[in-house]
Each structure stands twice: as structure tokens, then as C-alpha cells.
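*Asks:* What follows is the residue order along each chain.
Number of protein chains: 2
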Amino acid sequence: MTDTFDSTDAVRSGSPLRHLKTETFDGAFKMRLGGTLPGVVCGYETYGVLNADASNAVLMCHAISGDSHVARHEADDEPGWWDALVGPGRAVDTEKFFVICANVLGGCRGSTGPGSIDPETGRPYGPAFPDVTVEDMIDVQAKLLDHLGVKKLAAVIGGSLGGHQAMAWAARYPQRVGACCALATSTRLTSQALAFDVVARNAIQSDPDFHAGQYYGKPTHPDTGLAIARMLGHITYLSSQGMSDRFDIDRDSPRQIDTDFEAKFSVGSYLAHQGQRFVGRFDANSYVTLSMAMDLFDMGQTHEQRVEAFGAATCRWLVVSYSSDWLFLPSQSREVVAALTARDQAVTYTELRTDSGHDAFLIEEDVQRFGPLVRAMIDPPPDSASDMPPAPGCDSLPGVEDEPLSLIDGRIAQLIKPGESVLDLGCGDGRLLSALRDRGAGRLCGVEVKEHSIVATAQRGLPVLDYDLNKGLPEFSDDSFDVVVLSATLQAIGRIDVLFDEMLRVGRRCVVSFANFAYRELREMYAEHGRSPKAKGEYHYDWYDTPNRRFPSIADVQELLANKGATIHRGIYLDTQAGKVIAEDDDPNLNADTAVLVVSREG
Amino acid sequence: MTDTFDSTDAVRSGSPLRHLKTETFDGAFKMRLGGTLPGVVCGYETYGVLNADASNAVLMCHAISGDSHVARHEADDEPGWWDALVGPGRAVDTEKFFVICANVLGGCRGSTGPGSIDPETGRPYGPAFPDVTVEDMIDVQAKLLDHLGVKKLAAVIGGSLGGHQAMAWAARYPQRVGACCALATSTRLTSQALAFDVVARNAIQSDPDFHAGQYYGKPTHPDTGLAIARMLGHITYLSSQGMSDRFDIDRDSPRQIDTDFEAKFSVGSYLAHQGQRFVGRFDANSYVTLSMAMDLFDMGQTHEQRVEAFGAATCRWLVVSYSSDWLFLPSQSREVVAALTARDQAVTYTELRTDSGHDAFLIEEDVQRFGPLVRAMIDPPPDSASDMPPAPGCDSLPGVEDEPLSLIDGRIAQLIKPGESVLDLGCGDGRLLSALRDRGAGRLCGVEVKEHSIVATAQRGLPVLDYDLNKGLPEFSDDSFDVVVLSATLQAIGRIDVLFDEMLRVGRRCVVSFANFAYRELREMYAEHGRSPKAKGEYHYDWYDTPNRRFPSIADVQELLANKGATIHRGIYLDTQAGKVIAEDDDPNLNADTAVLVVSREG
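Sequence order for the protein chains is A and B. Following the working numbering, the numbering of the first sequence begins with 141 at its first residue and continues without gaps. Following the working numbering, the numbering of the second sequence begins with 141 at its first residue and continues without gaps.
Next up, chain A with everything else stripped away, as it sits in the complex (with noise of 0.2 Å):
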């Protein structure tokens, strides 16, 4: 075994990794790009204890920067880089899991990269290190598994070049992969974040020192080219307004540092100070290995490249953006997610509202908040008994005045047969898909806006996505659910009439709920009072400070399905307000506070 992190100078003053394992594969290692490796050490670091059938592993991918040090293993360990997510009671418990965390192939930190001796000439691969993929970085962790008896991992997690890690193992070892956590990454870089990673390269290859790579051994390595790709790094993990709250007040106070850096302004000094940590625990050439890694990854640039990356992937997911990551949009996680629910695959995503950047998927504060998704992921919930309230007749209606929305619900899920599919829009706490499951059901999903909402819903186990409706659902593939519902929404929604047409898109079946602006009781308050009616339930609101922007009346929603050619099979119609059901004979439009309706494209 040749232990790399000894035998070079690449790493000079890091914090030693007392923890690291080293294990050694030893025979060629062919990689993607077509370099083969004469064997390759792993450096990695374990938590907790491997249950007895091995099924409770979790394997934890670092970022550019990160090595195996995931969290601390004892109190008075050196921190790790996700203490946040990652300890005993934590949303990854090391209590209950058994979590690796490997350094990856071209890193120097414990694995075989650029500063490792290449046995052929003695001395440190340098240049001559072959290009790496993140498939060359998983296939490593791959034999680590094997090494360690782990079949299957109960989940993958990662961020940023960790995220793109957790999905490739998803892709390229689906019958390995229980659930994978994708948080802050995507499919592809962006050609802005592409075009830092060369402006970083350029900065550490045209570095006098640097030496076309083969500076091990040298007096000077390219700490400047580093740090200043460092530099540039950091500012690209946070977002401006976060840098703003930080630096603003007192940007003519630098720190007080020891640099030959610019440090005029107090981002100066953090920028100066950041780069030259860096270069003191960090190997150029690994940099360099690891950001063309980053930029040579490559799940799709178009929705059928990335459908067909994916698609050996079986397991559970959960997407996690953060509003103002300007290096991984949100908008690339929602195509990873969209790229899944093509696919069928059961996809939890948020997007974080936030102001930590790129960084947000590191930070204590942040991590509280998507922690239990992850959480909910890797740990779900034994199936537990529906905590609805049992579909009660409608001619009798107990609780409505309390809560009459979930007895609506109870109506909807008596229109929807067991085994059947079913797309809940505006699911909110994910009540009625926790009874459609627990009664026996296809594939669920709902979806929601309200960060608490969606977390109720994961911690039920069961998927939903944050999608605003007002964009309609380009994420879902036409008829792929047998049931489309819209509960207690539509009134929310600008374009009802494009929502109506992506549900009729997407659901065999499409069943609408919504309370009736004409009903009795408003209609005289209009009509008498000439006053804006207010009601129970979603319309108690005052009519300047309401969320609701649509008002129509039953038989307004009816011409619109009518209009669009849609048939309508079956409507029910409520006065929750006297607990009894209206007849299709007795006027609805007049006496009935709420209609269900049953629609679909074709008759």
C-alpha cells in the first residue's frame, strides 16, 4: 500500500485527519476519460456502527474544498464541515446510521490525486494525473463499499460536486442507492459558473510557480494562483445581499491580517484571509483536478438528456435549492426534478428561501430548516395508520365548523379508487395522500408553496415538490397520474384556465374543489348590502388583504371546463354550512357553499 498523504509535500499544514482510514485497490483503475491509474487509495472516515444486514449505511460526498472530515466523532474533535447535518441526533444520525465519508479521487486529502506518487517515476503524478470524472470519484467509493460489506446504501448526500456525486451513484449504481440528497447542484454548470472555474484555473496554471503542475518538491508552489482562485470561490458561494450584511457597515475596516493581498476593505482582508488559509491545507493541481470535474460533468444540457441520465435511477429523492445560489439556479434543480418525475421517480424538492448563497446547504441556520426533509428521506416514517378523519356521509358532517376543508377531502377521496395515482396541487400538510396511501394507493406527489406545509408532508413520507401553479406543471409528463386534484386552491391561482389545461394534461381524471362565490349567503351580502362578501374558510379574509385573486361562482368554473371541451362526469355539491349535500335539481350555483368536480378531456 502506498500511503499518499504522507509521501508528498502537496499538503503542508492542514489540520491532520485523525480519523482517516486508508484502503488500497490495488490493479488498474480505468477511468472515463480513458487514463488508467496503476491502483488507488481512498481516504475516508466512518461514524457510528454497520447494523447486522448492512442496511443502514449513508454515505456522505464532499465539495471542492471538503475532504472526509464530515463532522466531528467526538467532542473535542477538530469541527467538521457538516456538524450541522451530521452527528448523534442530528438529521443524519450517527446513532442510528453507520456514515462514510471518503475523500475523493483527485483530492489530497487521503486519496490518490495529483500529489500522490505515481510508481512508475517516483515521484508526484503532477501533470500527468489523468483527467477525473465524477463517475472515476464514485466508482473509488464503490470499492470502499464493497470493502466494507455495504450492498446497499440507505442513502447518498451531498452538495454542490457532492450533489453531483449523490446523483451519478443514483445513475450509475441504482440498485445500490436507497436515497440520494441532492442539495445545491445540478446537471450541468452554468456557463457563468463554468467561466469562474477558468478564470480560477488560469489564475493557478499561469502562476510563475506552478511549474506546469510538476511544482512537488519546489521551494514555492502557486499560492498565489490559488489563493486567488480561492478568493474567487468564496465569492461565488455567497450571495450579494449576504455579502452586503456583512461587509457593508464596516467596509474601510479591514482585519488586521498579514497578507501581501490587498487589504483595504474589510472584504479585502476576508477574501485575503480565506486565500491564504486555503493554500495552506489545499493542493493546487487537486483544485485544478477537481473544477474541471466540476465542469465536465454532464447529466444532460436538454430535459431528454437529463430523462435519459436518469434513468436506471430507482430510489427515493430529495432536491434541495436555495433562492439566492446564483452558481447552482434553482432552476437547474427543478430540472433535475423534472427530469425525475418524467420518469415516474418519487421527488421531494424545495427551494430554501434564504440568503446564504451557494453556502446555504453548509450553514447551521439553514440546515435547520431542510434537515428534517433530509431527515424525512433517509429515516421515513413507518407507515402509520391515516390520520384523517374518516369520509363521513355527507348528509351528516361532524367538525365542520372546525375543519371543513379535510372533510372535503374526505369526499374527494371516496371519488378516487385504490391502486390509482394521484397529483395533489396545493397539498398542504399532505393529509389526503396520507389517506389515499395508507387506503392503498399508485404513485403519489403533491405539491406546495409553504415551506411548512412541504416539511408536514415529507415527514409523512411522502413526496412533494415546491412549485409555484401559477407556472403551470411543466415538470409532469402528459397523463402520467390517474387523478389530478385541486382542493381549496384554485382561488389562489392568476390563470385558473392554463392550470385547468396542464391538469387536464396531465390526469386521466382531474377532480376540482372550490368554495362558490355565488352562494346564498354572499350573493345577498353583495346583492343587498353591496358590500364584498366575505365567508368561511378560504374566503374569511378581508377583500384588501386576501391571498385569494379569483372569485367565480359554480357556474362560472363549469363554462370555463365547458369551454375548453372538457367533460364534466360528476359534480358534488356541499353546504358545508348546513352540513348537507345539493342536489344537481335544487340550484347549486344558489345553495351550495363548495362543489366538488370530477373532469376530464374526453367524455
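Keep in mind that the hints were calculated from the coordinates and are not lab data. A hint or two may mislead.
Given that identical chains are not distinguished, each listed pair holds provided it fits within a single copy or across any two copies.
SDA-like mimics (lysine to any residue), calculated; alpha carbons at most 20 Å apart, straight line [what the hints assert, rightly or not]:
| id | residue 1 | residue 2 |
| --- | --- | --- |
| 1 | K611 | R689 |
| 2 | K674 | R689 |
| 3 | K404 | G174 |
| 4 | K674 | L730 |
| 5 | K704 | Q631 |
| 6 | K674 | E664 |
| 7 | K611 | Y684 |
| 8 | K674 | Q631 |
Bear in mind the structure is a predicted one, so any value in this text is a computation, not a measurement.
Once you've looked at the hints, dock chain B against the given chain A.
*Replies:* Okay, now just chain B, sitting in the frame of chain A:
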């Protein structure tokens, strides 16, 4: 006279500036941060002819990498950097205006800069060149204007660093500026923009060929560092979407260029080309000097500081931001506008929706859209007779079928006394404001969001601000207008209660006109037919496809205002369908389709 342009090797291969003129100003030039130059040279170009009373001079200010060659002088001339805006028949019409563009102090294209010879040493200044501020740049330009016989500029125009100069001109020489057009700029860089400059300067200054700034005459210059700085700059000038549109498709097909930089990706070869081209025409010390001038520019971090900084300015203003500009944010332009409005300055502001990023102010396609605003600002139309139909008596409303809102505006105009200042929220094409001006008015200002309406209002010579009324009126101080008008706009505002608070704060009196959704015809449609009512005017849309989201009655609005403690001084109720006034005791809430209310905070 020392002609710095030819006496150093700072600029080695840039296009010769055929039309460059230089003027030397002898005597000590004291700079804002304490430095002194023994004299300064100003390189400049001019276009067109100064008229007899020297009233047609327009000063164009260039950005960090620009020069005096703002436009072609003749058809076969080298392209200018702002040909899209400046030239015969262009928005800045060189057949009408005498256009001046000077290379900035600290530059390297004709004006004194770090590459100029220091007469004391006989060698280029290099690192001995003092810190330059934007204020120093315009002080040199002021000397040039004196020399040219221009006492007052018709306008000063610039984008980015040029925008800094334009704003500083208006504040520092208020008597010498008729109009100021500040594009893609801010009173202070964001910390993010500053951070990019820091990294760029670090790249230059850590280049071994920099020799602490005294590289002149040496065989090599810090070309690598300067090229990297320029690459970084180019990324920040484009939007992420713009880069994707340009580079995503042929990502792996770089242009074949001769470069030592990485040219693996198409965006990489683009950046390498831009970087290499730049070092042929620009001096690294000038880049450091000018980027530092931008970083030091500070017209205030807080609103109060900005109000103070613009205190002396008296000119007309045009402020333009670009939606995808992430180097100079639209929110920063709004801060400029807020400071100016707090000083009762006449400002027109628009945020152009574009994917061109910071570069938008230079891009032909974008210039064609905001150019009319520049033209309207520097060359306002002669005051024309009102193009509003005369406000008729309400017992007879001819033409009401065609243009009911113009006629309602006629009623509104009658409620405003000549000489009063008016803020018109949702001003449309500025017709009402124009009519008020023609009649004699105080300060006038419109607020709009539609691009064509903003242009139409500006073309009437009226100030208009591109603001979303859903965000309130934070830019306006308390009691800053006699009258605030909200006409036929209420129905599209999400939180009209919040906007009412804002109107009552900003205006001593408010005039609100709106359609009455409890008008008899609408009530009947609702009460008898149970259908979402439609009406002429702003309620003519289908319920599912309307920009409107609020549907109050007169009684609803009156109650909301009463709940705020506002006093309704007068109500005019109209049945525009029938062409008559509805008396207060004739149930306007039933019989009027439109109300005009005059309201204030106090009784």
C-alpha cells in the same frame, strides 16, 4: 505640454485615436485624497458644433475600459463604444448637440495617468501616481469645459463608472448641469462588486511582472494578471442567462485562438480572447487606479447620506437600471431615485427588462429601448397644448363610450388647483399630468410599470418612475405632494390598505377614482345569474384572465378609509354608462359605476 499618450509604452497596440485632441492644464492639480499632480493633460474628442450661446454641449463619461472615442466621426472611422446612442440622428444627436468625451484622469488613452511621465523624475509615475477619485476626474473635465467655452452642459451622460461621473457632476457642479443621465450605476459599489475588484487587483499586483507598479520600460508587463482581471470583469458584465444563451450550446467547441490560457470550453476561449485583447490596449496601473476610484466612490451608504450627497443638485434626472445587471443592481438605482425624490428633484427612472446584464447600457438592442428616454431628457419637447380632451360637465359626457378614463381624469383635474404638486400613481401615458402642467402646476411626477407608458410619459417631458405600487411608496417623503392621484389602478393592487397608508403619508390630499363593483348592473349579474360580473372599462376581462385582483364596492372603499381615520372630503359618483352624476342621497353604491373620492389624513 507633455503628451503622455506617446511618451510611454503603457499603451502599445491599441487602435490609434485619430481624432484625439489633448489639452494641458499647467499648475498644481490638487486631488481629493491629498495627492498633487504638477499639471494634467486631458485627452478628448468632440462631435458636432457648439452653438452660439454654448447651450448645446453634452458630456459623455466613459466606463473603466472606455476612452474618448464614444462614437465614429465618419463612416469609415473606427467604431465607437457608444455608436448606438451617439451620432447623427441618434438619441444623442451630434447634428444638434456638441458632444464631448474625455479620457478620465488616471486612464491611459490620452489623459494623465500612471503611465504618464512624472516631470520630477522623467520616468512614468507608476506606483507614485496618487489615488484618483471620481471627483478628480470631473474636476479635470471641468477645466476642459472652461477651455472649450462651455459654462453649462445641456446634459452629462454615463453608465457604470461613467454614471458615477455623471452623478458627481450634478452634485459637485450643480450650476453647470442641465440634465444628468446615470445608467447602470449606484452611489456605492455592492460588497460583491467591490470583492471582484479586489480579486482583479490582486491578480494584477501579484503578477511577478508587475514590479510593484514600475514595469514601464521592462520587457514584460503584468499582462497575465491584467488579462485575468479583464476575464473576471467580462463575467460580471454579462448575465448568467446571457452567458448560457451564448455559450451553452457549443460548450465544448472553443474558438481556435492562440493563447497560453485554458481554451477547453467555448466560454474559456472567449475569455482568453478578451483578456489578451485588453492587455494590448490598456495599462495595468490604469486598471488598478480606475477600479480603485470606483471602489472609493461613495455618495452614501444610507438614505440620509445619499440625500445629503445629492443636496446641491438641481438638474433633471434620468436613472436607468437593467433587470439582469447583477454588478449594479436595480435596487441601487432606486436608492439614487429615492434620494433625489426626497430632494424634490425631477427624476425619470426605468428598469429595463433585459438579459444583457451590466453591458445592457452599451448594447444596441437595449439602447434602442432606453434611447428615447435619453433623448426626451436632453431634448425635451417644447411645452405643447394639452392633448387631454377638455373636462366636460358630468351631466353630459360625450365620448364616454370610447375613453371613460380620460373623462374621469377630467373630473380629477377639476379637483386639483393650478400650482399644486401632483403625484399620479399609475399615470399611463402621462395625459393627466400633461394637462395639469399645461394649466400651470407645481412639481409633477408619474408612476408606471409599463415600458411604453413610461416612454410616452417621458416624451411629454414629464418625470415618471418605474415602480411597483405593491411595494408602497418608500421613495417618497411625508407630505411631499399636494395631491396624490390613484386613478383606475386600485383594482390591480394586492394590498390597497397599505398603499392607502402610503398615499395619505406622501400626499396632503389624495384623489382616488375606481370602478364600483356593487354597481346595479354588476350586482344583478351576480345576484340573478350567479356569475362573476363583467363590465366595461377595467373590469371587462374574464374572471380567470384579468390583471385585476380586488373587486370592492364604493362602500367597501369608504369603510376601509374610515377605518384608517382618513377623512373623505368629497365624493363624486358617476354613472358613466348613463352619462350622469349620481347624487350622494341617490345610493351611489348601487347607482354609480365609478367613484372619485378626495381624502386626507386630517379632517
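*Asks:* Now, for every hint given, state plainly whether the structure supports it.
*Replies:* Hint check results:
no., hint, verdict
1, K611 x R689, "both (16 Å within a copy, 18 Å between copies)"
2, K674 x R689, "both (13 Å within a copy, 15 Å between copies)"
3, K404 x G174, "between (47 Å within a copy, 17 Å between copies)"
4, K674 x L730, "both (16 Å within a copy, 19 Å between copies)"
5, K704 x Q631, "within (19 Å within a copy, 28 Å between copies)"
6, K674 x E664, "both (11 Å within a copy, 19 Å between copies)"
7, K611 x Y684, "between (24 Å within a copy, 15 Å between copies)"
8, K674 x Q631, "both (13 Å within a copy, 18 Å between copies)"
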